[in-house]
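Participant: Single-letter residue listing:
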Amino acid sequence: MSTVFIALQANEDTRPIVEAITADNPQARINEAPAMVKIDAEGRLTVRRASIEERIGRDFDLQELHINLISLSGNIDETDDELTLSWHA
Amino acid sequence: MDMQVAKKKLGLKEKYQVMTRGLDWEPSYQKKEDIYPYASYEGIKIHDWDKWEDPFRLTMDAYWKYQAEKERKLYAIIDAYAQNNGHLGVTDARYINTVKLFLTGVSPLEYMAHRGFAHAGRAFPGAGPRVACLMQSLDEIRHAQTQIHALSNYNKHYNGLHDFRHMHDRVWYLSVPKSFFDDAVTAGPFEFLVSIGFSFEYVLTNLLFVPFVSGAAYNGDMGTMTFGFSAQSDEARHMTLGLEVIKFILEQDPDNLPIVQRWIDKWTWRGYRVLTLVAMMMDYMLPKRTMSWKEAWEVYFEENGGALFKDLARYGIKMPKCAETIALEKDHLSHQAWGTFYNYGAAAAFHTWVPEKEEMDWLSAKYPESFDKYYRPRLEFWREQAAKGNRFYNKTLPMLCQTCQIPMLFTEPGDPTKICYREVDYQGTKYHFCSDHCKEIFEHEPEKYVQSWLPVHQIYQGNCFPEGTDPTAEGFDPLAAVLQYYHLEFGRDNLDFEGSEDQKNFDAWRGQATKNV
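Protein sequence lines correspond, in order, to chains A and B.
Position 78, counted from 1, in the first sequence is what numbering that gives the first Met the number 0 calls 77; the numbers after and before it change by one each time, with no gaps.
Position 47, counted from 1, in the second sequence is what numbering that gives the first Met the number 0 calls 46; the numbers after and before it change by one each time, with no gaps.
Chain A extracted, bound-state conformation (with noise of 0.2 Å):
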């Protein structure tokens, strides 16, 4: 299974993003490197709005995630809920 990635700026905005992540996806692995974070995840990463809502406080737009992402992988498929990245094969 191939792996797909996200990477985000170590920063305040993105430890509740990094913690929502890891709870929601039991196969992601957290790479840190100077400034920021890579998390990689077999096959599939999902990145839900209500979890970041849990850990903020406050209403969420996933569309804030462009402010502090560095880069990613995978097939992406956006919703209002939802963020997902995976391959096909």
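Just so you know, these hints were derived from the structure itself, not from any lab.
Hints may contain errors.
Here chain A is said to cover these stretches of chain B; the calculated rule only asks that three of the stretch's residues, wherever they fall, bring their Cβ under 8 Å from a Cβ of chain A [to be verified]:
1) 65-77
2) 206-213
3) 224-232
4) 305-311
Positions of the beta carbon are idealized from the N, C-alpha and C atoms, including for glycine.
Model the placement of chain B on the given structure of chain A, informed by the hints.
Facilitator: Relative to the frame of chain A, chain B by itself:
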């Protein structure tokens, strides 16, 4: 961040529909083929432009909102960095030479990407790709601007950054990135999108903007970290555009596959050759290193790119053939490139040096198969010679590859002791290439590549001296004249780092920063 999230009146999908397709119109008094003259001549067949979907579904209103937030954050950090004399907090003044290469080599490419996407967006009959290209075009001009702003802070204090725009069109090694983008923007709109949107953005920019920029942060350079990550967050959208382009084109018509495959093969190789500069930046120019070029290649090309090509196999797309050659080069690329710049350090707008002993130990741990055997002895020899006052500067000019324009410094696949040369006779003239892949690219489009402006040829033809130069005058020094033409000041912008003005100033200023003087 204290961001207000408005309650949505429309869901993401409906809003995307309204703000892309809903803004389009059917022409009534001009024929569609007259409005979009470039849409068909590359042979790509599109039957239904509405099948195009941008999976991020970013619309202009959301784009402005989030980009504005990113700009505020970026400039706040850059201001803080400048106010705090952040340039004295970097690990070592050698580090600043990576910034010189970045500014002169990459920033003008961002501007060309802006032009290219504006043009490609105008050329597509579908509203979806037009909107996506428009946003990417804006992103790219933003990257050019933020890089120039961020780096102007260094220009106040260090040499070699004073005239990047002039240098970009003239200096020998800058012809490599320049020719890459000039090649892309002079292709048709579909090839441009595959070259930049897919091959460069998706497969290769991660190598520049992720491990290298993380390395900039590791070396205390918050300015470069901020513009780098801010740019790459746009790249994440661009990669999505690039991947979407490939899927869309391939789903439209089976005849598109061989055309797209050829473009992927060509542009993966062209882009990889440009990244030669990044390989040596990571292995030789970052005083504190995060990962080697080889490791970065394994993560971002072999693992990530491998997953991508496996995914695209369902359309019949194959991993580019050049990947086999690249796998053989990954143990050698950065060392061969740095060796070349060390040689030509009298004609570059940055400083070069021999790595310290512990840096060589790091390199030999990262490159156990190649460093001690092939490269350490050479570097140690150069260091001994420099200590005796014989710092070596190559005064002759190298043969350049007609396609990638890099001096022919690369070795035969599988034999790092033999330089790789290929040649082609075309209409009575001989052309030279660094590799089978550059040769193949030429053979497919010879009419394009015979026009290449090769710096070495131009110097020998006398086209790279300041106006009014008399090469027949007594005591004429061709190197001095070429450097004047480049606007490069001999002894200040070039030569070894050891003894340079940058080195002395950095040490003096850093001393002042920690003492009362």
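Participant: Is the listed coverage of the segment 65-77 of chain B by chain A valid when you require three or more residues with a beta carbon under 8 Å from a beta carbon of that chain?
Facilitator: Since three or more residues must qualify, the claim that chain A covers the segment 65-77 of chain B holds, with 4 doing so at under 8 Å.
Participant: State whether the coverage of the segment 305-311 of chain B by chain A holds or is violated, taking the criterion as 3 or more residues with Cβ-Cβ distances under 8 Å.
Facilitator: Held - the segment 305-311 of chain B has 5 residues with a Cβ nearer than 8 Å to chain A, which meets the minimum of three.
Participant: For the segment 224-232 of chain B, do three or more residues have a beta carbon lying closer than 8 Å to a beta carbon of chain A?
Facilitator: holds (count 4)
Participant: Three residues or more, CB to CB closer than 8 Å: is that satisfied between the segment 206-213 of chain B and chain A?
Facilitator: It holds: at least three residues are needed, and the segment 206-213 of chain B offers 5 whose Cβ sits within less than 8 Å of chain A.
Hint check: no violations occur; every hint is consistent with the structure.
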